[in-house]
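2 protein chains.
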Amino acid sequence: MELLLPNSANSCPLTTLGFLERAASAYTDCPSIVYNNTRYTWSETHRRCLRLASSLSSVGIERGHVVSVVAPNVPPMYELQFGVPMSGAILNNINTRLDAHTLSVLLQHSESKLVFVDHLSSSLVLEALSLFPLDINTPQLVLIDDADDDAAASTAPTSPPTVDFIDTYEGFVEEGDPKFKWVRPKSEWDPMVLNYTSGTTSAPKGVVVSHRGIYMMTVNSLIDWAVPHQPVLLWTLPIFHANGWSYPWGMAAVGGTNICLRKFDASTIYNLIKKHGVSHMCGAPVVLNMISSSPNFEPVKNPVQIRTAGAPPPAPVLARTESLGFVVSHGYGLTETAGIVVSCAWKPEWNELPDSERARLKARQGVKTIGLTDVDVVDRETGESVKRDGLTQGEVVLRGATVMMGYFKDPEESSRCINGDEDGLFYTGDVGVVHPDGYLEIKDRSKDVIISGGENISSSEVESVLYSHPLVNEVAVVARPDQFWGETPCAFVSLKNEFTQKPTEEEIIEFCRARLPRYMAPRTVIFSEQLPKTSTGKVQKFLLRKIAKSMIS
Amino acid sequence: MELLLPNSANSCPLTTLGFLERAASAYTDCPSIVYNNTRYTWSETHRRCLRLASSLSSVGIERGHVVSVVAPNVPPMYELQFGVPMSGAILNNINTRLDAHTLSVLLQHSESKLVFVDHLSSSLVLEALSLFPLDINTPQLVLIDDADDDAAASTAPTSPPTVDFIDTYEGFVEEGDPKFKWVRPKSEWDPMVLNYTSGTTSAPKGVVVSHRGIYMMTVNSLIDWAVPHQPVLLWTLPIFHANGWSYPWGMAAVGGTNICLRKFDASTIYNLIKKHGVSHMCGAPVVLNMISSSPNFEPVKNPVQIRTAGAPPPAPVLARTESLGFVVSHGYGLTETAGIVVSCAWKPEWNELPDSERARLKARQGVKTIGLTDVDVVDRETGESVKRDGLTQGEVVLRGATVMMGYFKDPEESSRCINGDEDGLFYTGDVGVVHPDGYLEIKDRSKDVIISGGENISSSEVESVLYSHPLVNEVAVVARPDQFWGETPCAFVSLKNEFTQKPTEEEIIEFCRARLPRYMAPRTVIFSEQLPKTSTGKVQKFLLRKIAKSMIS
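Chains as they are written, first to last, in the UniProt record's numbering: chain A, 1 to 553; chain B, 1 to 553.
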């Protein structure tokens with residue numbers, strides 16, 4: 001057959017931004033966002049996001065600029081996932097738990113033109129900007145004042161932002177034009193979001209995902225989780241984690257209600273489930289721990305779907321969570337894949353198995369989702385697929401429409417993990433096996449990464465801080481299993497011999513806390529005369545992990 | 001931000017064909033197809049489709065060849081939706097209700113290399129091939145013998161296909177290699193399916209849809225209908241109608257069970273729902289009529305989702321269908337958009353309204369689905385959007401990823417409806433209005449089309465047959481409303497004056513039946529001395545439609 005070329009009617013770029021316009025027609029007066037005493041409808045959210053995009057345009061934001069956000073899951077955070085890219089800008093969500101130094105590095109690296117700052121992060125951001133070199137322009141700031149957060153309002157009254165902030169968020173929204181013509185991408189490959197996965201002491205790794213990538217992740221996330229129309233989603237997953245795995249856009253697609261929250265514990269979760277009839281929530285396994293470790297709660301009335309990723313839920317946590325009326329689904333993805341690309345598709349016959357067996361099966365990451373083209377586990381030396389025996393380890397490699405465009409301003413690192421010349425696959429750095437039934441199981445996330453409470457911690461970043469300590473000779477940081485957090489960083493330290501005064505464990509930890517975001521600092525320090533090494537001088541981290549694991553916590 | 005280019009890991013072509021491989025892993029031993037005494041699992045369906053593709057390759061089918069299928073919704077029909085494109089070929093499903101002449105025209109126009117023929121259509125296809133000019137090669141034939149269809153087997157015993165058929169379907173599958181490496185598209189814009197929308201007397205219009213278009217329609221159809229995992233779908237929608245709106249691929253994505261059937265009436269439907277726990281079905285409104293007009297049936301135990309398109313379900317049909325436990329959703333699409341692109345998103349508050357009001361709202365086609373970029377109703381003269389008043393009519397125009405690549409071998413007709421130079425939209429030919437709430441309502445499908453029992457009938461095709469009658473002077477064919485079929489063709493005929501012997505209504509109908517597929521022949525013929533015309537001589541079809549409508553049926 002003669003080839004027909006793409007035409008004007010079918011080659012319009014894929015983008016999730018149009019979902020909002022549709023939601024305003026299809027779910028007009030239905031609730032879009034609920035937060036304390038704040039309630040918006042889809043029609044209102046549509047108008048507010050257009051206003052937001054309009055105001056961004058008014059203050060000089062143009063196609064291709066980067067706009068950053070430092071905020072928890074409050075309503076503005078949701079709106080910004082639409083409003084920023086609707087102005088043509090690239091959205092850069094920043095983890096609120098970073099320290100001023102890291103924040104400064106990322107804001108400089110991203111060349112942010114404007115930052116939306118939650119009021120509780122304002123002093124942090126101002127400090128970060130003070131660390132900018134004199135010859136680099138600092139971004140404009142908009143203050144997210146949270147009038148609806150009673151607790152925060154009383155503890156941290158913010159003075160009018162006359163000096164540092166160009167406007168408050170609400171003022172900014174109000175000044176915008178709800179009839180603004182939002183800026184459509186010229187190509188579906190245009191960048192839409194930028195998400196940093198590291199950046200304290202090592203080179204910042206800014207993952208760039210296109211409109212097409214986000215679109216594909218959004219539809220994939222809806223289908224894979226079988227999300228019905230008008231679900232009620234409790235935002236226990238930080239949106240700054242890979243854009244809440246694309247569910248902000250997914251909720252607009254299905255007209256869901258977003259239950260926003262600033263921070264939470266088990267009783268907040270139970271209360272909100274009860275109050276709003278929550279049907280869905282996502283989160284790191286630490287959220288499951290939270291739910292399942294509270295002895296005081298009765299099972300929820302209607303089943304709540306909970307989707308977790310990052311690390312498999314431990315068997316007792318899984319059993320307890322499910323006994324409380326939650327339906328757990330487990331998946332795997334990276335910031336570099338924009339969300340979950342492999343998930344543990346559940347077979348009905350498995351429901352008949354005993355708890356422990358069900359937990360073992362559910363702990364596996366699973367099979368490719370429909371948005372992924374290929375997933376495989378390959379031998380690092382030969383590049384061949386490993387045996388499907390559940391034993392032979394190899395590196396997890398992927399190919400699919402949601403894979404990032406690359407790391408921002410880092411072609412070298414980009415081509416290190418996406419080797420276009422050879423097999424063209426994305427190398428995740430994670431180690432896994434394939435079971436005889438084709439299900440993938442991760443045995444070791446990327447050697448360098450410790451996952452604590454859903455946050456990825458680069459062990460090399462922690463190590464490089466420790467090396468700056470004057471008494472430290474050699475260090476290795478590994479993950480130590482933790483009942484609650486999943487893992488915490490554990491540092492093995494050998495000291496320089498010439499000094500007689502030895503630092504204490506607490507002193508080392510304090511040293512790190514002063515130089516790293518708090519969650520990245522080691523929780524445990526083990527002094528050792530010498531670190532175990534291979535014949536070629538490489539530290540044998542697997543031995544250290546065994547030691548860390550064996551310690552009574 | 002610097003632009004990053006698509007890379008080897010994320011620019012792999014979108015295609016639904018990989019869903020099958022995934023289904024074999026994720027839904028291994030779960031049922032894929034059920035038909036009389038036949039049952040397949042997803043693992044078996046995966047292997048059978050690979051074998052099919054392998055055998056096609058063995059008999060010389062290559063990338064870009066067209067392979068046709070003339071079959072009802074039996075298991076091979078399902079398998080062929082994967083097997084044919086997995087061989088690299090373009091899949092051309094042909095309506096089983098066509099006559100030999102039309103079939104011959106389509107097989108020649110499509111340049112089919114091979115045709116899969118259901119045993120009940122074998123004499124028809126052989127007749128069609130006998131109509132080929134001597135200098136045109138006829139395609140190879142594979143016979144779909146249906147050993148599992150008791151009724152058919154007894155009425156139409158087929159002799160071994162030694163002469164005309166190269167193989168039986170089962171033989172063909174068995175000879176194939178289940179380890180065949182299926183042929184992936186080189187580009188997601190490569191053609192995947194070819195579906196004819198007309199072709200008897202007027203030029204064949206062969207709609208070409210790409211792998212990308214089918215992928216987008218498939219995910220769109222799943223999300224818009226909120227299809228859960230492992231639904232049970234009763235195949236009351238012919239797969240040869242725009243590939244069953246892409247649900248063959250959708251069922252593989254969610255691991256559904258496909259309940260196949262050769263033909264059906266209300267009692268078949270009820271029995272299969274009961275027997276297999278059917279949860280989902282699609283069909284033209286005639287299927288709703290069937291369900292709702294049977295007085296003997298009790299409401300179904302569990303709600304059955306039923307999706308309809310083509311024409312809005314009439315209020316009493318809707319009310320009765322819903323009272324029987326069916327949940328009706330209504331959408332709009334064309335073969336040219338590969339399925340439903342606009343649907344009547346239902347608002348919870350509408351559930352409180354009286355039946356008649358709910359029916360009025362549900363009769364509207366609705367809002368764009370998430371797979372569509374734009375839908376609008378524009379004034380044909382000015383190209384401007386019409387007022388959103390529910391009254392001002394205009395032409396429905398669309399833009400979105402599922403729009404066809406064009407009509408096969410007909411660049412003129414393609415560019416007539418997709419005017420890339422001007423606004424770049426696809427012009428549907430359908431006439432609609434937009435209500436103040438943004439919901440679209442079709443007032444008139446393309447002037448030229450009559451929809452009878454879910455089949456599109458081109459009135460100009462019927463007219464041109466009537467014009468070949470020696471006694472006919474002038475004709476106009478319009479739709480006449482029909483309780484059961486929705487519409488039937490009604491011919492207004494003026495006769496030549498010089499003849500005194502007038503034909504009867506029956507003679508005219510017989511004349512058409514001899515020259516057209518049976519369903520296309522007029523059901524009513526009205527003789528008229530002169531047809532009403534405008535001052536410029538155009539037949540005023542709207543007046544004829546009024547007359548047709550007013551006739552007691």
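Just so you know, not all the hints are guaranteed correct.
Where chains are identical, the list cannot tell them apart; a pair therefore holds if satisfied intra-copy or between any two copies.
Lysine-lysine pairs mimicking PhoX-like chemistry, simulated, CA-CA at most 25 angstroms apart [stated by the list, open to error]:
{"no.": "1", "residue 1": "K179", "residue 2": "K387"}
{"no.": "2", "residue 1": "K181", "residue 2": "K113"}
{"no.": "3", "residue 1": "K347", "residue 2": "K275"}
{"no.": "4", "residue 1": "K546", "residue 2": "K179"}
{"no.": "5", "residue 1": "K347", "residue 2": "K274"}
Read the hints as simulated data drawn from the structure, not as lab findings.
- Which of the listed hints are broken here? 4
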